[in-house]
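Visitor: Sequence:
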Amino acid sequence: MKHLLYTLAILLIAASCSNEETEQVMGQGKARLRFHVSTESPIVITRSTPVPTVNQLYVKIQDSIGAVVKQDSLKTLQQNSPVFLEAAEGGTEYKVEVFSNELKDAILDKPCFFASETYSLLPEETVLVELECCLQQFQVSFNASDAFKKAFRTDDKLQTGDTKFKLTVSDANKRQVSYALADLNKSAYFDGAKNSSFIKIHIVGTTLEGFPVDYSETISPKDGLLEKKDHLIIDLQVSETKSMMLKATPVE
1 MKHLLYTLAI
11 LLIAASCSNE
21 ETEQVMGQGK
31 ARLRFHVSTE
41 SPIVITRSTP
51 VPTVNQLYVK
61 IQDSIGAVVK
71 QDSLKTLQQN
81 SPVFLEAAEG
91 GTEYKVEVFS
101 NELKDAILDK
111 PCFFASETYS
121 LLPEETVLVE
131 LECCLQQFQV
141 SFNASDAFKK
151 AFRTDDKLQT
161 GDTKFKLTVS
171 DANKRQVSYA
181 LADLNKSAYF
191 DGAKNSSFIK
201 IHIVGTTLEG
211 FPVDYSETIS
221 PKDGLLEKKD
231 HLIIDLQVSE
241 TKSMMLKATP
251 VE
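Numbering (UniProt numbering), first residue to last: 1 to 252.
Treat each hint with caution, since some may be false.
As the list claims (entries may be wrong) - Per label pair, the in silico range of CB-to-CB distance: (1) 52 / 84: 48 to 58 Å; (2) 222 / 30: 45 to 55 Å; (3) 193 / 89: 36 to 46 Å; (4) 235 / 166: 15 to 25 Å; (5) 214 / 55: 17 to 27 Å.
To be verified - Pairs of lysine to any residue residues, derived as SDA-like cross-links and limited to a Cα-Cα distance of at most 20 Å, are as follows: (6) 200 / 234; (7) 30 / 118; (8) 194 / 219; (9) 157 / 180.
Everything labelled a hint here was simulated from the structure, so no lab data went into it. By construction, the Cβ of each residue, glycine as well, lies at the ideal position given by its N, Cα and C atoms.
The whole structure should be built from the sequences, with the hints applied where relevant.
Guide: So this is what it looks like as structure tokens:
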């Protein structure tokens with residue numbers, strides 16, 4: 001009987017200690033973060049606009065002075081959810097950022113989806129981080145007609161004195177991207193931190209008939225500015241005349 005009583009007493013003491021430890025941990029000011037993150041699809045979807053899945057997103061958590069307290073893939077953080085963070089009684093601020101690029105390689109001349117929010121966390125609180133990542137650049141794409149693509153001499157057809165085809169797209173901030181004839185299915189991405197009031201197209205090359213081409217066109221967006229998430233699609237066409245006329249127009 002004594003053995004049973006001793007065993008029961010030991011179990012009660014152990015349970016009491018466990019409860020005290022739990023209360024002690026909670027009293028240290030631990031808040032819990034859970035994540036619900038999605039990606040916003042651009043209004044116009046083309047093969048040049050890759051929209052990341054949640055498994056391709058990365059999370060960085062910073063404290064009020066900008067020190068990184070946690071960073072990892074969203075997938076890993078969700079698998080190990082919740083994330084515990086120190087929190088004071090008056091509330092402790094943390095900034096949560098979500099990227100579609102790896103944190104060490106967030107390049108803004110390539111497609112990058114991003115979202116951020118600042119949270120004030122309290123001890124013992126569970127906070128759901130709900131963010132929707134959107135494209136941080138404005139995008140310029142080309143819709144080149146078959147006639148346009150066939151109108152120029154390709155690299156293997158160039159003769160002495162010919163100008164190799166090159167299309168250069170630039171914005172009001174003097175940022176530019178150049179393309180070969182075979183790369184017109186690719187988009188140009190400009191960091192949306194700087195908007196632009198126009199896009200300039202400059203095309204040089206040599207026609208199949210041997211005529212030199214030096215064509216420029218400045219295109220202004222309908223609403224006056226190109227900003228992050230915007231997508232400008234430009235039609236590239238030709239009019240067969242003696243000197244060949246080019247036409248670049250925005251797609252509404």
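Visitor: Next, verify each hint and record whether it holds.
Guide: Outcome of the hint check:
For residue 52 and residue 84, the Cβ-Cβ distance of about 27 Å falls outside the hinted range of 48 to 58 Å, so the restraint is violated. Hint check: residue 222 to residue 30, Cβ distance near 51 Å, so the stated range 45 to 55 Å holds. The given range of 36 to 46 Å is respected by residue 193 and residue 89, whose C-beta atoms sit roughly 37 Å from each other. About 19 Å separates the C-beta atoms of residue 235 and residue 166, a value consistent with the hinted range of 15 to 25 Å.
In this structure, residue 214 and residue 55 break the distance hint of 17 to 27 Å, their C-beta atoms being roughly 47 Å apart. Note on residue 200 and residue 234: the hinted pairing holds, with a Cα-Cα distance of about 11 Å set against a maximum of 20 Å. A hinted pair counts as satisfied when its Cα atoms are at most 20 Å apart, and residue 30 with residue 118 qualifies at roughly 17 Å. Between residue 194 and residue 219, the direct Cα distance comes to roughly 17 Å. Compliance with the 20 Å bound is thereby established for this hinted pair.
A hinted pair counts as satisfied when its Cα atoms are at most 20 Å apart, and residue 157 with residue 180 qualifies at roughly 14 Å.
In summary, the numbered hints that this structure violates are 1 and 5.
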